[in-house]
Amino acid sequence: MNTTAASNRKTLLATYGFIMGCVFLLPGVYSFFWTAVSWNTIGATQEAIGQAYTRIKEPFGLTLLLSVTVAAATAILGTTLAWLVTSTTLRYKKLFTVLFIMPLALPSFIGATALIAIFEQDSLLPWLLEKAGVEQIRRPRGFWPTWLVMTLFTYPYVFLTTKAKFVSLRYNVEESARLLGLSQRSIFYRVTLPQIKPAIAGGALIVFLYCLSDYGAVDLLGYDSLSTVIFSATSSSDVDIFVGFSAALTLGTTALAAVFLQFRYSGNGQQSDVSRRQRRLVPLGYWRYAAALLVGAVPLFALFFPLTGLVMRLRNGLGAANIEAKEVLDLASASATASTITAVVTMLLLIPVAMTTIRSTSLFTKFIRTPILAGYATPGVIIALTLVTWVLKVPGFTFIYQSFYLLLLGYIIHFGSLGLGSAETALQAVPHSLKDSSRLLSDSILKRWKEVQWPLMKPGLLAGAGLIMLATIKELPATLLLAPIEFETLATAIFSAEGESFATKSGLLSLILLSVSGLLTWLLVIRNSD
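Position one of the sequence shown corresponds to residue 126 (the numbering used here), numbered consecutively onward.
A couple of the hints might just be wrong.
[Claimed, not checked] Within a straight-line C-alpha distance of at most 16 Å, the following computed EDC-like cross-link-like pairs (lysine to aspartate or glutamate) qualify:
1) Lys182 / Asp349
2) Lys491 / Glu549
3) Lys518 / Asp365
4) Lys583 / Glu549
5) Lys451 / Glu613
Since the hints were made in silico from the structure, they are not lab data.
Model the full structure from these sequences, guided by the hints.
Okay, here's the thing in C-alpha coordinates:
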(Lines of atoms letter the chains of each structure in order from A; the text may use other names.)
(Lines give C-alpha, C1' and ligand atoms only; values in the text may rest on other atoms or scores of the structure.)
Protein backbone atom coordinates (compact mmCIF):
# COMPACT_ATOMS: atom_id res chain seq x y z
CA MET A 126 0.00 0.00 0.00
CA ASN A 127 2.81 2.39 0.89
CA THR A 128 4.61 1.48 -2.33
CA THR A 129 1.48 2.18 -4.36
CA ALA A 130 0.93 5.51 -2.59
CA ALA A 131 4.55 6.53 -3.20
CA SER A 132 4.26 5.57 -6.88
CA ASN A 133 1.04 7.56 -7.25
CA ARG A 134 2.62 10.57 -5.53
CA LYS A 135 5.64 10.36 -7.84
CA THR A 136 3.38 10.18 -10.91
CA LEU A 137 1.33 13.12 -9.67
CA LEU A 138 4.46 15.23 -9.10
CA ALA A 139 5.82 14.34 -12.53
CA THR A 140 2.53 15.32 -14.19
CA TYR A 141 2.45 18.59 -12.28
CA GLY A 142 6.07 19.30 -13.25
CA PHE A 143 5.28 18.63 -16.92
CA ILE A 144 2.36 21.10 -16.80
CA MET A 145 4.56 23.76 -15.18
CA GLY A 146 7.26 23.20 -17.78
CA CYS A 147 4.68 23.79 -20.53
CA VAL A 148 3.54 27.01 -18.84
CA PHE A 149 7.10 28.34 -18.74
CA LEU A 150 7.55 27.38 -22.41
CA LEU A 151 4.67 29.68 -23.36
CA PRO A 152 6.66 32.87 -24.16
CA GLY A 153 9.15 31.16 -26.47
CA VAL A 154 6.66 28.98 -28.34
CA TYR A 155 4.10 31.74 -28.62
CA SER A 156 6.67 34.23 -29.93
CA PHE A 157 7.50 31.90 -32.81
CA PHE A 158 3.81 31.18 -33.39
CA TRP A 159 2.71 34.80 -33.62
CA THR A 160 5.66 35.82 -35.73
CA ALA A 161 4.57 33.17 -38.23
CA VAL A 162 0.91 34.21 -37.96
CA SER A 163 1.65 37.91 -38.40
CA TRP A 164 3.99 37.06 -41.31
CA ASN A 165 1.09 35.28 -42.99
CA THR A 166 -1.39 38.04 -42.10
CA ILE A 167 0.63 40.81 -43.72
CA GLY A 168 1.26 38.57 -46.71
CA ALA A 169 5.02 38.75 -46.16
CA THR A 170 5.10 41.69 -48.53
CA GLN A 171 8.42 43.23 -49.38
CA GLU A 172 7.26 46.55 -47.93
CA ALA A 173 6.31 45.05 -44.55
CA ILE A 174 9.49 43.01 -44.31
CA GLY A 175 11.57 46.02 -45.29
CA GLN A 176 9.82 48.14 -42.68
CA ALA A 177 10.49 45.55 -39.98
CA TYR A 178 14.12 45.23 -41.04
CA THR A 179 14.57 49.00 -41.01
CA ARG A 180 13.01 49.40 -37.57
CA ILE A 181 15.03 46.54 -36.04
CA LYS A 182 18.45 46.78 -37.69
CA GLU A 183 19.89 49.88 -36.04
CA PRO A 184 18.39 49.32 -32.54
CA PHE A 185 19.70 45.75 -32.59
CA GLY A 186 23.20 46.98 -33.35
CA LEU A 187 22.96 49.59 -30.60
CA THR A 188 21.62 47.02 -28.13
CA LEU A 189 24.42 44.59 -28.96
CA LEU A 190 27.03 47.34 -28.69
CA LEU A 191 25.77 48.43 -25.27
CA SER A 192 25.41 44.88 -23.92
CA VAL A 193 28.85 43.71 -25.05
CA THR A 194 30.73 46.80 -23.86
CA VAL A 195 28.96 46.90 -20.50
CA ALA A 196 29.57 43.17 -19.96
CA ALA A 197 33.25 43.65 -20.79
CA ALA A 198 33.58 46.68 -18.51
CA THR A 199 31.85 44.97 -15.59
CA ALA A 200 34.00 41.86 -16.08
CA ILE A 201 37.14 43.96 -15.69
CA LEU A 202 35.84 46.18 -12.89
CA GLY A 203 34.11 43.43 -10.90
CA THR A 204 37.08 41.08 -11.13
CA THR A 205 39.55 43.80 -10.13
CA LEU A 206 37.49 44.78 -7.09
CA ALA A 207 36.99 41.14 -6.07
CA TRP A 208 40.74 40.54 -6.33
CA LEU A 209 41.51 43.61 -4.22
CA VAL A 210 39.21 42.60 -1.34
CA THR A 211 40.21 38.93 -1.29
CA SER A 212 43.84 38.65 -2.40
CA THR A 213 45.69 41.84 -1.49
CA THR A 214 46.76 43.83 1.54
CA LEU A 215 44.03 46.41 0.92
CA ARG A 216 42.74 47.90 4.19
CA TYR A 217 39.08 48.07 5.33
CA LYS A 218 38.08 45.14 3.13
CA LYS A 219 34.78 44.43 4.88
CA LEU A 220 33.67 48.04 4.51
CA PHE A 221 34.58 48.14 0.83
CA THR A 222 32.87 44.79 0.24
CA VAL A 223 29.61 46.22 1.56
CA LEU A 224 30.01 49.39 -0.51
CA PHE A 225 30.76 47.41 -3.67
CA ILE A 226 27.63 45.26 -3.26
CA MET A 227 25.18 48.07 -2.40
CA PRO A 228 24.71 49.34 -6.02
CA LEU A 229 22.86 46.06 -6.54
CA ALA A 230 19.96 47.70 -4.71
CA LEU A 231 19.68 50.43 -7.36
CA PRO A 232 17.64 49.49 -10.45
CA SER A 233 19.20 50.86 -13.63
CA PHE A 234 16.30 53.24 -14.29
CA ILE A 235 16.84 54.81 -10.86
CA GLY A 236 20.52 55.08 -11.73
CA ALA A 237 19.50 56.95 -14.87
CA THR A 238 17.14 59.12 -12.84
CA ALA A 239 19.94 59.90 -10.39
CA LEU A 240 22.35 60.76 -13.20
CA ILE A 241 19.81 63.16 -14.68
CA ALA A 242 19.24 64.66 -11.22
CA ILE A 243 22.96 65.32 -10.78
CA PHE A 244 22.97 67.58 -13.84
CA GLU A 245 19.90 69.58 -12.81
CA GLN A 246 20.10 73.16 -11.66
CA ASP A 247 20.80 73.57 -7.92
CA SER A 248 22.25 70.07 -7.77
CA LEU A 249 25.74 69.06 -6.66
CA LEU A 250 27.51 68.84 -10.02
CA PRO A 251 26.37 72.22 -11.40
CA TRP A 252 27.50 73.80 -8.11
CA LEU A 253 30.93 72.18 -8.42
CA LEU A 254 31.19 73.17 -12.09
CA GLU A 255 30.23 76.74 -11.24
CA LYS A 256 32.96 76.89 -8.59
CA ALA A 257 35.42 75.59 -11.18
CA GLY A 258 34.29 78.17 -13.73
CA VAL A 259 32.75 75.61 -16.10
CA GLU A 260 29.48 76.35 -17.87
CA GLN A 261 26.41 74.22 -17.29
CA ILE A 262 26.46 71.10 -19.46
CA ARG A 263 23.48 69.50 -21.14
CA ARG A 264 21.29 66.69 -19.80
CA PRO A 265 23.12 63.39 -20.37
CA ARG A 266 21.84 61.38 -23.33
CA GLY A 267 23.16 58.72 -25.68
CA PHE A 268 25.62 55.85 -25.51
CA TRP A 269 28.21 57.00 -22.97
CA PRO A 270 25.80 58.07 -20.19
CA THR A 271 23.83 54.84 -20.71
CA TRP A 272 27.04 52.78 -20.68
CA LEU A 273 28.17 54.47 -17.48
CA VAL A 274 24.86 53.89 -15.68
CA MET A 275 24.61 50.26 -16.75
CA THR A 276 28.22 49.57 -15.77
CA LEU A 277 27.99 51.21 -12.35
CA PHE A 278 24.80 49.43 -11.37
CA THR A 279 25.46 45.96 -12.80
CA TYR A 280 29.12 45.28 -11.93
CA PRO A 281 28.09 43.75 -8.53
CA TYR A 282 26.86 40.67 -10.42
CA VAL A 283 30.44 40.01 -11.56
CA PHE A 284 31.92 41.11 -8.23
CA LEU A 285 29.81 38.65 -6.22
CA THR A 286 30.42 35.60 -8.41
CA THR A 287 34.14 36.31 -8.79
CA LYS A 288 34.66 37.10 -5.10
CA ALA A 289 33.08 33.78 -4.14
CA LYS A 290 35.42 31.99 -6.55
CA PHE A 291 38.50 33.80 -5.24
CA VAL A 292 37.63 32.71 -1.70
CA SER A 293 37.45 29.04 -2.73
CA LEU A 294 40.53 28.89 -5.00
CA ARG A 295 43.08 26.08 -4.84
CA TYR A 296 45.89 28.13 -3.34
CA ASN A 297 48.27 25.17 -3.23
CA VAL A 298 48.55 25.43 -7.03
CA GLU A 299 49.60 29.08 -6.71
CA GLU A 300 52.17 28.15 -4.09
CA SER A 301 53.61 25.49 -6.39
CA ALA A 302 53.81 28.00 -9.24
CA ARG A 303 55.57 30.48 -6.94
CA LEU A 304 58.12 27.83 -5.97
CA LEU A 305 58.79 27.26 -9.68
CA GLY A 306 59.84 30.88 -10.00
CA LEU A 307 56.79 32.38 -11.70
CA SER A 308 56.14 36.08 -11.07
CA GLN A 309 52.93 37.28 -9.44
CA ARG A 310 51.62 38.48 -12.81
CA SER A 311 52.38 35.13 -14.47
CA ILE A 312 50.70 33.28 -11.60
CA PHE A 313 47.56 35.36 -12.07
CA TYR A 314 47.29 34.88 -15.83
CA ARG A 315 48.44 31.25 -15.97
CA VAL A 316 47.06 29.82 -12.71
CA THR A 317 44.44 32.07 -11.11
CA LEU A 318 42.60 33.35 -14.19
CA PRO A 319 41.78 29.88 -15.62
CA GLN A 320 40.19 28.99 -12.27
CA ILE A 321 38.05 32.13 -11.96
CA LYS A 322 37.11 32.36 -15.66
CA PRO A 323 33.76 30.52 -15.24
CA ALA A 324 32.77 32.89 -12.41
CA ILE A 325 33.66 35.94 -14.51
CA ALA A 326 31.77 34.55 -17.49
CA GLY A 327 28.73 33.76 -15.34
CA GLY A 328 28.55 37.25 -13.88
CA ALA A 329 29.18 38.90 -17.26
CA LEU A 330 26.41 36.78 -18.79
CA ILE A 331 23.93 38.09 -16.22
CA VAL A 332 25.03 41.65 -17.05
CA PHE A 333 24.73 40.98 -20.79
CA LEU A 334 21.18 39.64 -20.42
CA TYR A 335 20.24 42.54 -18.15
CA CYS A 336 21.44 45.07 -20.73
CA LEU A 337 19.64 43.26 -23.56
CA SER A 338 16.27 43.61 -21.87
CA ASP A 339 16.65 46.95 -20.07
CA TYR A 340 14.07 49.55 -20.97
CA GLY A 341 13.89 52.18 -18.22
CA ALA A 342 17.47 53.45 -18.31
CA VAL A 343 17.81 53.40 -22.11
CA ASP A 344 14.53 55.24 -22.55
CA LEU A 345 15.30 57.93 -19.95
CA LEU A 346 18.76 58.49 -21.43
CA GLY A 347 17.53 58.58 -25.03
CA TYR A 348 19.30 55.44 -26.24
CA ASP A 349 17.40 53.43 -28.87
CA SER A 350 17.34 49.69 -28.21
CA LEU A 351 15.27 46.67 -29.18
CA SER A 352 13.26 47.06 -25.98
CA THR A 353 12.11 50.51 -27.10
CA VAL A 354 11.13 49.00 -30.48
CA ILE A 355 9.04 46.34 -28.74
CA PHE A 356 7.32 48.94 -26.55
CA SER A 357 6.53 51.12 -29.55
CA ALA A 358 5.16 48.16 -31.53
CA THR A 359 2.33 47.12 -29.22
CA SER A 360 -0.56 48.62 -31.21
CA SER A 361 -3.20 46.54 -32.94
CA SER A 362 -1.64 47.06 -36.37
CA ASP A 363 -0.66 43.79 -38.06
CA VAL A 364 2.61 45.29 -39.22
CA ASP A 365 3.34 46.55 -35.69
CA ILE A 366 2.65 43.09 -34.27
CA PHE A 367 5.01 41.59 -36.84
CA VAL A 368 7.70 44.15 -36.02
CA GLY A 369 7.24 43.65 -32.26
CA PHE A 370 7.52 39.88 -32.39
CA SER A 371 10.39 40.01 -34.87
CA ALA A 372 12.24 42.28 -32.43
CA ALA A 373 11.31 39.97 -29.55
CA LEU A 374 12.59 36.93 -31.43
CA THR A 375 15.81 38.76 -32.28
CA LEU A 376 16.28 39.68 -28.62
CA GLY A 377 15.39 36.21 -27.39
CA THR A 378 17.64 34.47 -29.91
CA THR A 379 20.54 36.71 -28.92
CA ALA A 380 19.95 35.89 -25.24
CA LEU A 381 19.83 32.14 -25.92
CA ALA A 382 22.97 32.35 -28.06
CA ALA A 383 24.79 34.15 -25.23
CA VAL A 384 23.70 31.50 -22.72
CA PHE A 385 24.81 28.71 -25.07
CA LEU A 386 28.20 30.28 -25.70
CA GLN A 387 28.78 30.82 -21.99
CA PHE A 388 28.03 27.17 -21.20
CA ARG A 389 29.99 25.95 -24.22
CA TYR A 390 33.22 27.84 -23.75
CA SER A 391 33.50 28.89 -20.09
CA GLY A 392 34.05 25.41 -18.71
CA ASN A 393 33.55 24.41 -15.11
CA GLY A 394 36.91 25.56 -13.75
CA GLN A 395 38.99 23.61 -11.32
CA GLN A 396 37.66 22.22 -8.11
CA SER A 397 38.05 24.22 -4.95
CA ASP A 398 40.62 23.29 -2.37
CA VAL A 399 39.02 21.63 0.63
CA SER A 400 41.52 23.17 3.02
CA ARG A 401 40.91 26.41 4.85
CA ARG A 402 44.47 27.71 4.70
CA GLN A 403 44.90 31.45 4.66
CA ARG A 404 45.92 32.67 1.25
CA ARG A 405 49.17 34.59 0.91
CA LEU A 406 48.11 38.18 0.31
CA VAL A 407 49.67 40.18 -2.49
CA PRO A 408 51.38 43.37 -1.24
CA LEU A 409 50.21 46.36 -3.22
CA GLY A 410 53.33 48.45 -2.71
CA TYR A 411 53.19 51.66 -4.73
CA TRP A 412 50.04 50.38 -6.40
CA ARG A 413 48.17 51.02 -3.15
CA TYR A 414 47.55 54.61 -4.24
CA ALA A 415 45.94 53.51 -7.52
CA ALA A 416 43.96 50.87 -5.62
CA ALA A 417 42.77 53.45 -3.09
CA LEU A 418 41.71 55.74 -5.92
CA LEU A 419 39.72 52.95 -7.59
CA VAL A 420 38.01 51.60 -4.47
CA GLY A 421 37.11 55.14 -3.47
CA ALA A 422 35.87 56.22 -6.90
CA VAL A 423 33.46 53.31 -7.37
CA PRO A 424 31.30 53.99 -4.27
CA LEU A 425 31.59 57.72 -4.98
CA PHE A 426 30.07 57.42 -8.46
CA ALA A 427 27.80 54.42 -7.82
CA LEU A 428 26.40 55.47 -4.44
CA PHE A 429 27.31 58.94 -3.15
CA PHE A 430 26.64 61.03 -6.26
CA PRO A 431 23.36 59.27 -7.19
CA LEU A 432 21.98 59.46 -3.67
CA THR A 433 23.13 63.08 -3.31
CA GLY A 434 21.40 63.99 -6.57
CA LEU A 435 18.13 62.40 -5.48
CA VAL A 436 18.27 63.97 -2.01
CA MET A 437 19.01 67.45 -3.39
CA ARG A 438 16.23 67.06 -5.95
CA LEU A 439 13.86 66.21 -3.11
CA ARG A 440 15.11 69.05 -0.89
CA ASN A 441 14.89 71.68 -3.61
CA GLY A 442 11.32 70.90 -4.59
CA LEU A 443 9.67 69.41 -1.55
CA GLY A 444 8.23 72.67 -0.28
CA ALA A 445 6.49 73.53 -3.56
CA ALA A 446 5.60 69.97 -4.54
CA ASN A 447 2.11 68.61 -4.11
CA ILE A 448 2.91 65.13 -2.84
CA GLU A 449 0.29 63.45 -0.70
CA ALA A 450 1.36 60.97 1.93
CA LYS A 451 -1.55 58.70 1.00
CA GLU A 452 -0.31 58.41 -2.59
CA VAL A 453 3.17 57.46 -1.43
CA LEU A 454 1.79 54.89 1.03
CA ASP A 455 -0.48 53.43 -1.66
CA LEU A 456 2.46 53.01 -4.05
CA ALA A 457 4.64 51.43 -1.38
CA SER A 458 1.78 49.16 -0.39
CA ALA A 459 1.17 48.12 -4.01
CA SER A 460 4.85 47.29 -4.51
CA ALA A 461 5.03 45.35 -1.26
CA THR A 462 1.81 43.48 -2.02
CA ALA A 463 2.83 42.55 -5.57
CA SER A 464 6.31 41.39 -4.56
CA THR A 465 5.07 39.44 -1.54
CA ILE A 466 2.28 37.68 -3.44
CA THR A 467 4.68 36.88 -6.28
CA ALA A 468 7.24 35.43 -3.87
CA VAL A 469 4.74 33.30 -1.96
CA VAL A 470 2.87 32.00 -5.01
CA THR A 471 6.07 31.28 -6.95
CA MET A 472 7.60 29.29 -4.09
CA LEU A 473 4.38 27.34 -3.52
CA LEU A 474 4.11 26.49 -7.21
CA LEU A 475 7.72 25.42 -7.60
CA ILE A 476 8.31 23.39 -4.43
CA PRO A 477 6.47 20.38 -5.96
CA VAL A 478 8.49 20.86 -9.15
CA ALA A 479 11.72 20.84 -7.13
CA MET A 480 10.63 17.59 -5.48
CA THR A 481 10.74 16.03 -8.96
CA THR A 482 13.83 17.71 -10.39
CA ILE A 483 16.18 16.90 -7.49
CA ARG A 484 15.47 13.16 -7.78
CA SER A 485 16.50 12.65 -11.38
CA THR A 486 18.69 13.97 -14.20
CA SER A 487 16.65 12.33 -16.96
CA LEU A 488 15.63 14.00 -20.21
CA PHE A 489 12.13 14.45 -18.79
CA THR A 490 13.51 16.31 -15.78
CA LYS A 491 15.61 18.51 -18.06
CA PHE A 492 12.46 19.38 -20.00
CA ILE A 493 10.89 20.58 -16.76
CA ARG A 494 13.90 22.53 -15.51
CA THR A 495 15.12 24.15 -18.73
CA PRO A 496 12.13 26.41 -19.51
CA ILE A 497 11.88 27.47 -15.87
CA LEU A 498 15.57 28.39 -15.73
CA ALA A 499 15.34 30.05 -19.16
CA GLY A 500 12.61 32.38 -17.87
CA TYR A 501 15.16 34.50 -16.02
CA ALA A 502 17.32 34.73 -19.15
CA THR A 503 14.31 35.76 -21.23
CA PRO A 504 13.88 39.56 -21.25
CA GLY A 505 10.84 40.63 -19.28
CA VAL A 506 9.59 42.71 -22.18
CA ILE A 507 9.34 39.55 -24.34
CA ILE A 508 7.39 37.70 -21.66
CA ALA A 509 5.06 40.68 -21.29
CA LEU A 510 4.53 41.10 -25.05
CA THR A 511 3.78 37.39 -25.41
CA LEU A 512 1.24 37.35 -22.59
CA VAL A 513 -0.50 40.52 -23.82
CA THR A 514 -0.85 39.13 -27.35
CA TRP A 515 -1.97 35.77 -26.02
CA VAL A 516 -4.87 37.12 -23.96
CA LEU A 517 -5.96 39.51 -26.73
CA LYS A 518 -5.76 37.06 -29.64
CA VAL A 519 -6.84 33.74 -28.11
CA PRO A 520 -10.60 33.49 -27.47
CA GLY A 521 -11.59 32.95 -23.86
CA PHE A 522 -8.67 34.71 -22.19
CA THR A 523 -9.56 38.37 -22.80
CA PHE A 524 -11.04 38.68 -19.31
CA ILE A 525 -7.58 38.57 -17.67
CA TYR A 526 -6.19 41.38 -19.85
CA GLN A 527 -4.88 44.24 -17.67
CA SER A 528 -5.56 42.24 -14.52
CA PHE A 529 -3.27 41.52 -11.61
CA TYR A 530 -3.43 37.81 -12.46
CA LEU A 531 -1.72 38.39 -15.80
CA LEU A 532 0.94 40.53 -14.13
CA LEU A 533 1.47 37.80 -11.53
CA LEU A 534 1.86 35.19 -14.28
CA GLY A 535 4.49 37.34 -15.99
CA TYR A 536 6.42 37.72 -12.74
CA ILE A 537 6.28 33.97 -12.05
CA ILE A 538 7.57 33.06 -15.52
CA HIS A 539 10.33 35.66 -15.34
CA PHE A 540 11.56 34.94 -11.80
CA GLY A 541 10.63 31.27 -11.47
CA SER A 542 14.26 30.16 -11.75
CA LEU A 543 15.07 32.01 -8.52
CA GLY A 544 12.34 30.05 -6.77
CA LEU A 545 13.25 26.68 -8.29
CA GLY A 546 16.92 26.95 -7.39
CA SER A 547 16.13 27.96 -3.82
CA ALA A 548 13.50 25.23 -3.45
CA GLU A 549 15.95 22.58 -4.68
CA THR A 550 18.57 23.82 -2.22
CA ALA A 551 16.04 23.81 0.62
CA LEU A 552 14.88 20.25 -0.14
CA GLN A 553 18.46 19.00 -0.35
CA ALA A 554 19.07 20.40 3.14
CA VAL A 555 16.93 17.58 4.57
CA PRO A 556 18.97 14.33 4.69
CA HIS A 557 17.25 11.18 3.45
CA SER A 558 18.17 9.42 6.69
CA LEU A 559 16.27 12.05 8.66
CA LYS A 560 13.22 11.61 6.42
CA ASP A 561 13.31 7.85 7.00
CA SER A 562 13.64 8.31 10.75
CA SER A 563 10.71 10.74 10.85
CA ARG A 564 8.46 8.14 9.23
CA LEU A 565 9.00 5.92 12.26
CA LEU A 566 7.86 8.71 14.56
CA SER A 567 4.63 9.66 12.80
CA ASP A 568 2.40 8.56 9.92
CA SER A 569 1.20 12.12 9.32
CA ILE A 570 2.93 13.72 6.35
CA LEU A 571 1.86 17.17 7.56
CA LYS A 572 3.25 16.60 11.05
CA ARG A 573 6.57 15.29 9.70
CA TRP A 574 6.87 18.26 7.39
CA LYS A 575 6.07 20.75 10.14
CA GLU A 576 8.32 19.34 12.85
CA VAL A 577 11.24 17.88 10.88
CA GLN A 578 11.50 19.23 7.33
CA TRP A 579 10.29 22.82 7.65
CA PRO A 580 12.93 23.96 10.21
CA LEU A 581 15.69 22.74 7.87
CA MET A 582 14.07 24.02 4.69
CA LYS A 583 13.00 27.40 6.04
CA PRO A 584 16.29 29.32 5.46
CA GLY A 585 16.50 28.26 1.80
CA LEU A 586 12.83 28.90 1.09
CA LEU A 587 12.85 32.31 2.76
CA ALA A 588 16.00 33.26 0.88
CA GLY A 589 14.34 32.29 -2.40
CA ALA A 590 11.22 34.25 -1.55
CA GLY A 591 13.36 37.25 -0.64
CA LEU A 592 15.27 37.12 -3.93
CA ILE A 593 11.98 37.02 -5.84
CA MET A 594 10.70 39.99 -3.84
CA LEU A 595 13.87 41.95 -4.62
CA ALA A 596 13.62 41.16 -8.33
CA THR A 597 9.89 41.92 -8.48
CA ILE A 598 10.05 45.23 -6.67
CA LYS A 599 12.68 46.49 -9.16
CA GLU A 600 11.06 45.09 -12.33
CA LEU A 601 9.96 47.76 -14.81
CA PRO A 602 9.36 46.55 -18.43
CA ALA A 603 7.00 43.67 -17.59
CA THR A 604 5.14 45.82 -15.07
CA LEU A 605 4.61 48.64 -17.57
CA LEU A 606 3.07 46.28 -20.14
CA LEU A 607 1.10 43.94 -17.88
CA ALA A 608 -0.09 45.98 -14.90
CA PRO A 609 -3.77 46.97 -14.69
CA ILE A 610 -4.52 50.59 -15.56
CA GLU A 611 -5.31 51.51 -11.96
CA PHE A 612 -2.39 49.54 -10.54
CA GLU A 613 0.90 51.38 -10.09
CA THR A 614 4.07 50.33 -8.28
CA LEU A 615 6.98 52.41 -7.05
CA ALA A 616 8.99 51.40 -10.14
CA THR A 617 6.35 52.46 -12.67
CA ALA A 618 5.51 55.62 -10.71
CA ILE A 619 9.17 56.69 -10.69
CA PHE A 620 9.46 56.07 -14.43
CA SER A 621 6.22 57.97 -15.15
CA ALA A 622 7.14 60.87 -12.89
CA GLU A 623 10.54 61.21 -14.56
CA GLY A 624 8.92 61.18 -17.98
CA GLU A 625 6.42 63.82 -16.92
CA SER A 626 9.15 65.97 -15.31
CA PHE A 627 7.82 65.57 -11.76
CA ALA A 628 11.36 65.67 -10.42
CA THR A 629 10.57 65.94 -6.72
CA LYS A 630 8.07 63.10 -6.78
CA SER A 631 10.51 60.94 -8.71
CA GLY A 632 13.27 61.68 -6.18
CA LEU A 633 11.08 60.85 -3.19
CA LEU A 634 9.78 57.59 -4.65
CA SER A 635 13.29 56.61 -5.76
CA LEU A 636 14.62 57.02 -2.23
CA ILE A 637 11.75 54.92 -0.85
CA LEU A 638 12.37 52.17 -3.37
CA LEU A 639 16.09 52.29 -2.66
CA SER A 640 15.42 51.93 1.06
CA VAL A 641 13.31 48.82 0.52
CA SER A 642 15.59 47.17 -2.02
CA GLY A 643 18.64 48.18 0.02
CA LEU A 644 17.22 46.44 3.09
CA LEU A 645 16.52 43.29 1.06
CA THR A 646 20.00 43.42 -0.47
CA TRP A 647 21.53 43.69 2.99
CA LEU A 648 19.51 40.80 4.40
CA LEU A 649 19.86 38.48 1.38
CA VAL A 650 23.25 39.27 -0.11
CA ILE A 651 25.57 41.31 2.09
CA ARG A 652 25.04 39.33 5.31
CA ASN A 653 25.91 36.14 3.43
CA SER A 654 28.71 37.56 1.28
CA ASP A 655 31.39 36.05 3.50
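Verification of the hints:
The hinted pair formed by Lys182 and Asp349 meets the criterion: a straight-line CA distance of about 11 Å does not exceed 16 Å. Distance restraint check for Lys491 and Glu549: the Cα-Cα separation of roughly 14 Å lies within the 16 Å cut-off, and the hinted pair is therefore satisfied. For the proposed pair Lys518 and Asp365, the alpha carbon gap of about 14 Å is at most 16 Å, so the pair holds. Pair hint Lys583 plus Glu549 holds up; C-alpha atoms about 12 Å apart against a cutoff of 16 Å.
As the CA atoms of Lys451 and Glu613 are separated by approximately 14 Å, the hinted pair is consistent with the 16 Å bound.
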